[in-house]
Every structure is written in C-alpha cells, then in structure tokens.
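If you read the sequences in order, they're chains L and V. The first sequence begins at 1 in my numbering and counts up by one. The second sequence begins at 343 in my numbering and counts up by one.
Any given hint could be a false lead.
Examples of chain V residues lying across from chain L (beta carbon under 7 Å, computed) [what the hints assert, rightly or not]:
| hint | residue |
| --- | --- |
| 1 | 389 |
| 2 | 392 |
| 3 | 524 |
| 4 | 680 |
Note that these hints are calculated values from the structure, not bench results. Where a beta carbon is used, it is the ideal one built from N, C-alpha and C, also for glycine.
Chain residues, written in single-letter form:
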Amino acid sequence: MTQDGGLQTDKILLAHGEGGKRTRDLVGSVVARHFANPVLAPFFDSGLLGRIEGEIAFTTDGYVVTPAFFPGGDIGRLAVCGTVNDLAVCGARALAISCGLVLEEGLPIETLERALSAMRSAAEEAGVFIACGDTKVVEKGKGDGIFITTAGLGVAVDGWKPSPEAVRPGDRILLTGTMGDHQVAVLIARQGLSLSAPVLSDVAPLGGLLLPVLERFGGKVRFQRDPTRGGVGVTLNEMAAAANARIVLEEERLPVRESVRGVCEILGFDPLYLANEGKAVMIVDGPAAGEVLAALREHPLGREAAMIGEVQERAPGVHMRTLAGGLRAVDYPVGDQLPRIC
Amino acid sequence: MRFIDDFRDPAAARALVGRILKDAGDAPMRLMEVCGTHTVAIGRAGIRNLLSGAVTLVSGPGCPVCVTPDGYIDAAIALGRMPGVRLASFGDMLRVPGRSSSLEKERGKGLDVRVVYSPMDAVAMAAAAPERETVFLGVGFETTAPAVAGAIRAASERGLENFSVLSSVRTIPGAMAVLAEDPDVRIEGFLCPAHVSTVIGTDAYLPLASTYRIPCVVAGFEPLDILLGISMLLRQKKEGAARVENEYSRGATPAGNRKAQALLREVFSPCDTGWRGIGVIPGSGLRIADRYAAFDAEKKHGVPVVFTAETKGCRCGDVLKGKIFPAECPLFGKACVPEEPVGPCMVSGEGTCAAYYKYGSGSR
C-alpha cells in the first residue's frame, strides 16, 4: 500500500497510464504531492508561464540510467540537473521544466516516489519548478523500471551568448572540478564493486556556479559545455572543432579524485572519457582566466576547479602534454564506452 | 595509488629524458619495444616524439591478437558452425578478420560466441551447459598461457567432456630471435615485456643477448619504467655491452615464475607455429600436450588451423616486424581505421596501428 492508501496498490499497473481513474489517482495522489506549485496545480494541458522578459533558451533530454539509484544521486536528480545544466552552460537561468515519465508495469510505487522526491529537491536546489508533465506506462518487459524525459525553458544572462568564434590563441581551458565521478559511481553500483573509498556521482545543478561568473566576466568567457557522455575528452574535441582551435592540455593539471583514478587503473578506463553530471568546461580569455578560476573556486561546486590547458593556434584538434613531458593526441574514443550512464 | 604515482613523477621523467638526450649518439639508437602494452604506454605518455633524435622506437610483434593468423580465425568460425558448439573468447578477438569473415560478423549471423574475461569463465560455462560443447579460443603469450593451462587442467580434474581449447599460445623469445636476425629490421636493443618476463624470467633473454650481441632490458609499463629502460639500453650501447638487465625488478626475477612454468610444461608442448606477418617460427608455439589431447579442439573436432602466407592489401606484416611505421602503410588512417579495421594491428587496443592512430605523434 502507498503511504496515503489512495491507490490501493503498491505497484504501477498498465491502468495507471490509460488516462482513466487510475491515472487521475496516480497523478493526483503521487505526482501532485511532490510537484505542487501554482502553475502545475490546475492540471491544464499546458503549464501557463505568463510573460517572460529576455532571451529564451529551450532544451530537452531523456534519462535511462541503470541502475536508477546510484551513490550520490538517482534518475530523478539527474533528470532535473541534466536539463538545468544544458541551459546553464548556454548562459540561461532555468525557469521551468517538464517531466515525462515512462514507467514499466510492476514498478514499485515507492520507487517512483523516491525518484519524484529527488526531482523535487533537485528542482528546489536549482530554483526551478516543474510546470507540466505526462505519465505513460508500458507492459512489463518493454521498459526498464523508470525512464524520465525533461524539457527546460530558461532566460539568458543579459548580453552573454556562447561565442566559439571569439576563441583565440592564448585563451585558457578551465574545468570546474574533478573528472569521471558520475560514470564511476554508476559503474560501481552496476557491477557491485566494493571500494575502500566510496565514489559519489557529481550530479548537481550548475546555474548557481556558472551564471554569476557570466554576469561578472561577460564575453571573457567565450563558451562552455558540460562534459557528460564522452567526458572532457570528447567535449573538448567538439569545442575545438566549433572554435577551430588547437587545444593543448596539461596532464599534470587534470583534476581526478584518487578513488576514481584507482578504479580507472584497475579497469583500464581513461578519466578523460568518463561522464560528468556536475561539471563545466570553459574556454576563457587568457588574461582573465586567473580571476575566473578564483571566482569559480569560491562556490562549493567549483572548489576543485582547475586551469587544464590553453588554446595554442587556429587549427582544430586536442593534444596533451603528458606527465612524462611528451605530447600526444587526445582523440574521440572508439567503441569502449559504457552504455546507459544517464 | 602511491605505487603508480611514483612511476609517473614529472620531475623524475624530466631528469631521465635529460639523461637519455645526453647519452644519445650521433644517430638515433634503433630500439624495439616488443610488447603491445609498451606500445600503448609509449603512445599514451607521448614518449616517441619526446625522444626523437635520441632513439627510434619501433613496435614489435607483442600483441597476441595481431599475430594470430587468419587461418586461426577461419578454424574458429568453422568450429562455431558445428552443431551444438559454443565459442568463448577474449573480447578483442571478435573483430579480427579471417580470410572471409570475422567472429563478430558471424555472431551477427547467429554464431554463438561469448566474451569471457578469464579462461576459467569458459570452464564454468561448459560445466553449466553440459548439453553443449564449449570451445575456448586460447590466444595469448606467456602471460596468458598459465591461465589457459590452468583452465585445461581444471576441466580435466572435473572430468568435463564438453570443453576444449583451440590453442594459439605463443612464446616471445623465438620471435625476437627471428627479428634480431633480420637485416631489414636492424634492431640495436630490445625493450623486453614486463608481464611476460614475470613468467619466463629475465634469464630467458640471455641467449638472445649473447648470440646476436643485442642489449636487452626488461622494463615495466609505467612512463618512468620505459624511460629508465631506454636509458639503460643507451648506456649499454655507449659501453659496447650486450647484457640482459632488469628494470622491472619489482615484478620479474631471473628465473621467473617456476610454478607457472611447470604448469605450462605439464599442459603444453612446444611446436612450430605461424605468426601473421612473420611466418612459421620453429618452436615458438605451445600446442596442447598429448596427455590433455582430449581438450585439444583441433584434434577433438578435426578442424586444423591452416597457416596461410599473407593477408592481401594491408602491410600489418611489415608493421609487426618493425620494418615500417604504421603511417607508411597506404591504408593507415584511410581505408583502415579503428571503426573499420582492415588489418589486425588496427583491431586490438594494443595493436601498433591502433595505438599510433589513437595517440598520434603530437602533430596529427
């Protein structure tokens, strides 16, 4: 039985997705309880947001991570943070997000409650509300417990927009914290590995870290991305291509947690290619980079921010100065990625 | 992590690089890193271009996937097509091209191929499915060989009648001797593999050093191991010496792992075997000994591995022998890339071409 008893079942049934009374019960007694806010409350077919001033940013993402609950986070927190962060790296403060749930028949309602509760706390942390939603149920065996899609609407910081064309030699590469925490946390949860030091996913909303920096430094921050799937290695290759910039990284300066490095050594992963869910990579004007770094480090999510490299010339590509002092290419990885990490 | 960081220390690396550049002669010393793990570590640390001018590092045949001849893949596919047979293999064998197909392509058409991480996993698979024959594709060098031997012995002790091994186990020193003799390769020093040497012992290279007057240094796989190993080889050249030295003293001993050697002697017998790109090298293979013939898939199922001379098109053979660098092959990076490999050197993560493609030279 659920806590309120209104559903008379402790598992998701196909009927919960059929649009009838069961759907109303589920939305009314479970979803509404977690997401209560004035825009969602009337349960119209759209959330009415009213007049919005400024440049609008709009994004969407789907979340299929397995397992749905992992050290440091879960699919609900990920669904909010992922979308908020896609807005934040484009310079937009998240205003409202949607929540599409695809549930598998037989999912314990308690599991759904945990995911929704995590969505609500992440939304509160990010200063955003859930303005609209949808719930579908698929037959047992046709899904994997719970999938979530979110779309997000945000308003851009005045006067700032991503400008890869402004990147020039001498610009610096900043990373807001350690690499690979999210993917290693999911991997450990999936494989049931036990480690002496736990690794927690870094999943967190980045608006509070990034937007004040953009407001303060404006165009000195050329553009930024969140290094999710494919990690910093792939993200930087994409950024280098977009900016026609040859980026050279310093291996010595790459921030990686000791425990994550240990897992990488054992399993043969390169932290450069591991996914993050609470980090940003920025290309910043060279002379201003020190001040931007200091500003990032003042925020709890940016304590371990580092200057990891620089733009050397106008030609695409990513290279790395290694610990041994050599120079080598940092290419796109082929084939050895771990599926379903977000 | 301390024991890893110690071998990656940037200040120590700078000091070693300085020593290597100082010891370098007029012409670069031509060194072969025999093992694929060294090739990858050298690429990853960017050592090749760091030392250019002082040493020329050519990559050797030490990637088991790369030197496995296409006739082996053909035999594996033929076995897999037999009714009731299931294949168990290490993952990187799947994409290696045979003459007409690969295990991966055949799996797409319904061949039952399972990827395992240890030969013992294949024994467990056989025990769990007594109605099927499980054939393990036993590919590897001396590092892997004891695990394959252990699996065969375990299957024998458990009386498993539905388990066999298609052996393509090879030993390294014989191949090194062939390369030492080859005037086209012109090796002036061998950087010998770390893990293989923990099994066979560093004394295994003594005949090589004395017969061919080539310095040999066994080195670990971390950047400082490699730099120190190279420095030791340069010093030998300077002295005009040809000794076997051991940089990897934390893992390898002169005599090696006697227990593993005894197991290999029990389960395998030396045989002549064909290496892709190199040819047949006398005594460089390990076939399953008569005592364990019941587990020899070639005999049990009457599917022999036929060694054929060469794969058409690609120049993996010359790459494996260190005669050319990957970029000198007309297919490298064009028709042959990791997503669509033509030759085996681009397939395995430890393949020479794959390592060169992935880490580039710093200028690509």
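These are the hints, each one checked on the structure:
Taken as an interface hint, residue 389/V checks out: its beta carbon lies about 5 Å from the nearest beta carbon of chain L, inside 7 Å. A least Cβ separation of about 4 Å between residue 392/V and chain L falls short of the 7 Å threshold, and the interface hint therefore holds. Interface restraint check for residue 524/V: the shortest CB-CB distance to chain L comes to about 29 Å, outside 7 Å, so the restraint is violated. A cut of 7 Å between beta carbons decides the hint on residue 680/V: the least distance to chain L is about 4 Å, and the hint holds.
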